[in-house]
Amino acid sequence: MSRTRLTNLLIDIVLFGFCILMITPLALLVSNAFKSPEELLSWPPRLIPANPTIDNLATVLADTPLLSWVLNSLMFAVASTIAILITSSIAGYILGKFRFRILSVIFAIILATAIIPFEVYMIPLYFQVQELGLLDTVPGLLIGYLVMSFGIFLIRQSVIHAIPDELLEAARIDGAGEIWIFFVIVLPLLRGALGALAVLAFFQAWTSFAWPLIVATSRDSYTIEVGLALFQTGYTVDLGKLSAAATVVLIPSVTIFVMLRKNFVEGIAATGLKE
Amino acid sequence: MLRHRKLLFALAALIPVLAIYVWVRIMPIGEILRLSLHKWDIISKNKPFIGLQNFRELLEDDLFQAALLNTAIIAFGVLLITIPLSLGLAALIYHRTRSRFAGFYETAIFIPHVVSLVPAAMAWKWIFDAKLGPLNAVLMKFGLEPQAWLFDPVLSIICIIVLCSWQALGYAVLIYIVGFKNLPHSLYEAARLDGASAFQAFRFLSIPLLKPITLYVSVVTLVSGFNVYAQAFVLASDSQGAPGRQVRVLVMDMLENSFRNYRIGYAASEAVVLLVIVLILTLIQFSLLREKGGKSQ
Chain A
1 MSRTRLTNLL
11 IDIVLFGFCI
21 LMITPLALLV
31 SNAFKSPEEL
41 LSWPPRLIPA
51 NPTIDNLATV
61 LADTPLLSWV
71 LNSLMFAVAS
81 TIAILITSSI
91 AGYILGKFRF
101 RILSVIFAII
111 LATAIIPFEV
121 YMIPLYFQVQ
131 ELGLLDTVPG
141 LLIGYLVMSF
151 GIFLIRQSVI
161 HAIPDELLEA
171 ARIDGAGEIW
181 IFFVIVLPLL
191 RGALGALAVL
201 AFFQAWTSFA
211 WPLIVATSRD
221 SYTIEVGLAL
231 FQTGYTVDLG
241 KLSAAATVVL
251 IPSVTIFVML
261 RKNFVEGIAA
271 TGLKE
Chain B
1 MLRHRKLLFA
11 LAALIPVLAI
21 YVWVRIMPIG
31 EILRLSLHKW
41 DIISKNKPFI
51 GLQNFRELLE
61 DDLFQAALLN
71 TAIIAFGVLL
81 ITIPLSLGLA
91 ALIYHRTRSR
101 FAGFYETAIF
111 IPHVVSLVPA
121 AMAWKWIFDA
131 KLGPLNAVLM
141 KFGLEPQAWL
151 FDPVLSIICI
161 IVLCSWQALG
171 YAVLIYIVGF
181 KNLPHSLYEA
191 ARLDGASAFQ
201 AFRFLSIPLL
211 KPITLYVSVV
221 TLVSGFNVYA
231 QAFVLASDSQ
241 GAPGRQVRVL
251 VMDMLENSFR
261 NYRIGYAASE
271 AVVLLVIVLI
281 LTLIQFSLLR
291 EKGGKSQ
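Residue numbers (the numbering used here), protein chains in the order written: chain A, 1 to 275; chain B, 1 to 297.
If we strip away everything but chain A, and leave its shape as in the complex, we get:
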């Protein structure tokens, strides 16, 4: 008994140490944001700044359109989430509950293209956006993130598991229309899966890099990732300001993640449970 206790304690210590190691880079980054230039040079780095200052933050907000970058990212991520929820729930439901040969073929095609990474086909997609005259706009960004193959699988999977055929047949016998069935019976039963998918879709767009880098070309239309990446190349920018800018991005995404951790884990876990 006491030996198991000891082993468990040891495991806890190892895990605890490792976890601290994992979040140290981010914790130090946030802490650097509130340090004065002198303190940034002092060794060893303190986790809690001795004289916290918001000068870095104020300078960054004055010098860069940081808030409009955040706003662009937010609009892009929210719009993409909504689009992915709509396309995935419709396609997932139809492909999960309607049994026709042609639908199986369609699903096989979606499955086959799902493994192809975005980076492979983003250049032709860029020219499609250009033809529409949407370069450098949020709708242009959105075009790359309207559908998510994994979202279609996830919803199809939970449609198959969570919605019994009998329920739908009973509704049909009672004379319910197909559209009514979808909105009133199917969607409420998919709440959990849609929640998980929403979090995944939001973070996917929020953290995207290569696509917004080529589509958004003027300073005011950058997303936060692109803005930050190009801002940190300027050689006059010091560590405190860089950290302040990075912190503005980190704090909301970490907060959202910690709040929605359950949904997130559910969604990610589902990727490992594909048939």
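Think of the hints as simulated: they come from the structure by calculation, not from any bench.
Ideal Cβ positions, reconstructed from N, Cα and C, are used throughout, including at glycine.
Warning: the hint list may mix true and false statements.
[Stated by the list, open to error] Here are a few chain B residues that face chain A, going by a calculated C-beta distance under 10 Å:
#1 Leu11
#2 Leu69
#3 Ile83
#4 Ser116
#5 Val138
#6 Ser224
#7 Ala268
#8 Ala271
Given the structure of chain A, go ahead and fit chain B onto it with the hints provided.
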């Protein structure tokens, strides 16, 4: 009659989604294949068909080959670190599921996977910084030589591997934990009755049983490793007037060829190489799974 109406509804609902899917996925994938066989400089109207000449040129392009080599080293480096580490961590976390810290463990290990790439890369860039970075300061404390992490050709690749592994780890751990939760409990009971130690159970039961998960995680890790870009972009870009050594990666080379050199057809042929690599990795995964005769996950 009813069946007929159902099919009609299914198609009517699916067609708008399908149209979008074809337009933003299938069409650009087809186009990348087509462009890779053509020569196109954006400005000119005609795109002459040149067969496999783009690919032949790739064979002699030193920059492309450097990029391909770096990318492959990064992808496999991340794989080598991530798989054993995440398997071990997941086993420990699963073992301590009932501990009050279980939630903290999962969150702390997973956070690097969700935070935006650029701020995370900036944090590491500071850690690796030759003059101001804590890493060199720690090395000096232990009487070791400080290193120019981001300037040395070998070390800068290692830096990118460390950064990418730090990010990939959370995802792998999470998938492994799900795998552990789905393992048959009775088998472990039996092993314990037969006198197997926890380590033996891990070595001879968990690792073989988790093989499909290991394959899945390996392929996902490799594929995202081959798409590495933001990390190299941030770590290599200059800061405070001191440019880091650029680690050329595949996506970077591709974007440079298309948007700086205006060689779209050539860049497309690089994208096709990336596509082929991903397809091969996926095929290997499937054939290994089939070989085992087991169901995948």
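**Request:** Let me know if the C-beta of Ala268 of chain B comes in closer than 10 Å to any C-beta of chain A, holds or violated.
**Result:** Check passed: Cβ of Ala268 of chain B comes within 7 Å of chain A, closer than 10 Å.
**Message:** Hint validation: Val138 of chain B versus chain A, beta carbon distance must be below 10 Å. Holds or violated?
**Reply:** Check passed: Cβ of Val138 of chain B comes within 9 Å of chain A, closer than 10 Å.
**Message:** Please check whether Ala271 of chain B passes as an interface residue: C-beta within 10 Å of a C-beta belonging to chain A.
**Reply:** holds, 5 Å
**Message:** Quick check on the hint: Ser116 of chain B CB to chain A CB, less than 10 Å?
**Reply:** Nearest chain A Cβ about 5 Å off; hint holds.
**Prompt:** Minimum Cβ distance from Ser224 of chain B to chain A below 10 Å?
**Reply:** Since the shortest Cβ distance to chain A is 8 Å, the answer is holds.
**Message:** Min Cβ distance, Ile83 of chain B to chain A: is it shorter than 10 Å?
**Reply:** For Ile83 of chain B, the interface hint is violated, since the closest Cβ of chain A sits about 14 Å away, which is over 10 Å.
**Asked** Close enough to count: is the Cβ of Leu11 of chain B nearer than 10 Å to one in chain A?
**Response** holds, 8 Å
**Message:** Can you verify the interface hint for Leu69 of chain B: is its Cβ closer than 10 Å to any Cβ in chain A?
**Reply:** With Cβ-Cβ at 18 Å, over 10 Å, it is violated.
In this structure, the hints that do not hold are numbers 2 and 3, in rising order.
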